[in-house]
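Colleague: Input sequences plus hints: build the corresponding full structure.
Spelled out from the first residue to the last, the chains are:
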Amino acid sequence: MKRTLIVVGTLVLGAGAVMAQQEIAVQQDNLMRSQAKSMYGVILKMAKGEIPYNQKAADEAIANLEADVAKIAKTFEVNPKQAVVNATYGASPKVWQNKADFDSKIPPLQKAIADVKGKIHDVASLKAAYTAMNDRCNDCHETYRVKLK
Amino acid sequence: MESAMLRRTIYVILVTTVAAVAAYWWLTAPTALALPAPTRGPDLANGQELFNAGGCSSCHAVPNQPDRLRLGGGLALGSPFGTFYVPNISPDPNDGIGRWSEADFVNALTRGISPEGTHYYPAFPYTSYHIADIDDVRDLFAYLKTLPQVAGRVRDHDLPFPFNIRRNVGIWKWLFMDVRPFVPDAARSAQWNRGAYLVNGFGHCAECHSPRNVLGGVISSQRFAGGPNPEGEGWVPNITQKGLGSWSESDIADFLETGDMPEGDSASGSMRPVIKNLAQLKPEDRAAMAAYLKSLPPVDGPTPPKRREGGD
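Protein sequence lines, in the order shown, are assigned to chains A and B. Under my numbering, read the first sequence as residues 1 to 149, first letter to last. Under my numbering, read the second sequence as residues 1 to 312, first letter to last.
Treat the hints loosely; a few may be bogus.
Chain A regions said to be covered by chain B (calculated; three or more residues, Cβ under 8 angstroms) [claimed, not checked]: (1) 88 to 95; (2) 132 to 142.
Here are a few chain A residues that sit away from chain B, every Cβ distance over 12 angstroms (derived from the structure) [as the list claims (entries may be wrong)]: (3) Asn30; (4) Leu31; (5) Pro52; (6) Tyr53; (7) Asn54; (8) Lys56; (9) Ala57; (10) Asp59; (11) Ala63; (12) Ala67; (13) Ile106; (14) Val116; (15) Lys117; (16) Gly118; (17) His121; (18) Val123.
Just so you know, the hints here were simulated from the structure itself, not pulled from any lab data. All residues carry an ideal CB built from backbone N, CA and C; glycine is no exception.
Modeller: Encoded structure:
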């Protein structure tokens, strides 16, 4: 009986650990998706004229982006050692092999956001802001973001 | 009686061995190309365009420094066959290609043969570059000569037996290298043909965007249909219409310039440096590549793993 309990207990704990890892991967994925929504779903689409220019939406997107970027270092603290089920993109294990380098990519992006904040008034300035910020996103994605399918 | 039998057996083995060695030697012998006389002087602007189309800088630029024109090499390129270390192709006379003749360069780029007459490994995509027009290759060589000299010889590749025997690459080329020249399709537009030339030649898109067999040969029936990243991490997408069906021609051309995707995302990983190169091209060359890519019939590629596990 005792042995059964230990076995069951271990299994439950093990499953819990697996769930926790997947949960971490999902949190990381969600944070990046939230940034993608501001960056590409709003700013890029507006810059390309696919959706009409809207000052309030542009300002909100910048504010959301700023808040999300501040969470990157903490959210990516732990290596989930797995990708989200069926995800198209994932984090490279290199993030945790070179965590200091990964973290060093964040302040330049924060600076780029601070530089454009409050200075976007039209499509042209939005477009310039998009490129300035996205170049900093790419500095990190080139090494640390992996396409999975 | 027994000794006659033995003698005959030894004789047969000897003859077979000699024949096998001779066949191996013949099959693996690098054959250099004799270069025809130039028909015109070098066009440096064209050389620069092809340098950017060919993505030379992505592999040959010195890693971890910002200047993409310092071609001192040194990047470690992982593969299932071992690690390749990208050579110095700056015009440095001692460590780069400063002392190369034009014929040396044409043979290297289109045949995968070094000035010393040995095979290069196909990590260097001469398997694509071989369709390049010789005048284009000459222009590229002239352009490379204008770039800064970078001193420093790069270490040897780190490959286990039998991949460390360069002569074996001769067999590989015989099995997997398509040596047919580029033949324009008269039924298609000049733009499409330019795109086909750039995508299949200098652009060498198929080298990463196609699955490979166990010996590293591109599976030609699934050319451009994507597959596991040959450098080891993640997946390279299908760029036939199976994968890009929802992208318009101008979506593809925009992507090649900016990395921005119509579904609202931006390129990452190894495609990022490729975009950096392609962004420098003339818009009409990107448009030509897009026109050709948009015309690729849908082909199913290998299936990516459902979930990536483990890792360190």
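Colleague: Against this structure, judge whether each hint is valid.
Modeller: Outcome of the hint check:
1. 88 to 95: n = 4 at 8 angstroms, threshold three: holds.
2. 132 to 142: holds (count 5)
3. Asn30: holds (15 angstroms)
4. Leu31: holds (15 angstroms)
5. Pro52: Answer for Pro52 (chain A): holds, closest chain B Cβ roughly 16 angstroms.
6. Tyr53: holds (17 angstroms)
7. Asn54: holds (17 angstroms)
8. Lys56: Non-interface label stands for Lys56 (chain A): nearest chain B Cβ at 20 angstroms, farther than 12 angstroms.
9. Ala57: Since the minimum Cβ distance to chain B is about 15 angstroms, Ala57 (chain A) lies beyond 12 angstroms and the statement holds.
10. Asp59: Label holds. Min Cβ-Cβ 19 angstroms, cutoff 12 angstroms.
11. Ala63: At roughly 19 angstroms from the nearest Cβ of chain B, Ala63 (chain A) sits farther out than 12 angstroms, so the non-interface label holds.
12. Ala67: holds (20 angstroms)
13. Ile106: holds (16 angstroms)
14. Val116: Fine: 17 angstroms to the nearest Cβ keeps Val116 (chain A) off the interface.
15. Lys117: Non-interface label stands for Lys117 (chain A): nearest chain B Cβ at 20 angstroms, farther than 12 angstroms.
16. Gly118: holds (24 angstroms)
17. His121: holds (22 angstroms)
18. Val123: holds (15 angstroms)
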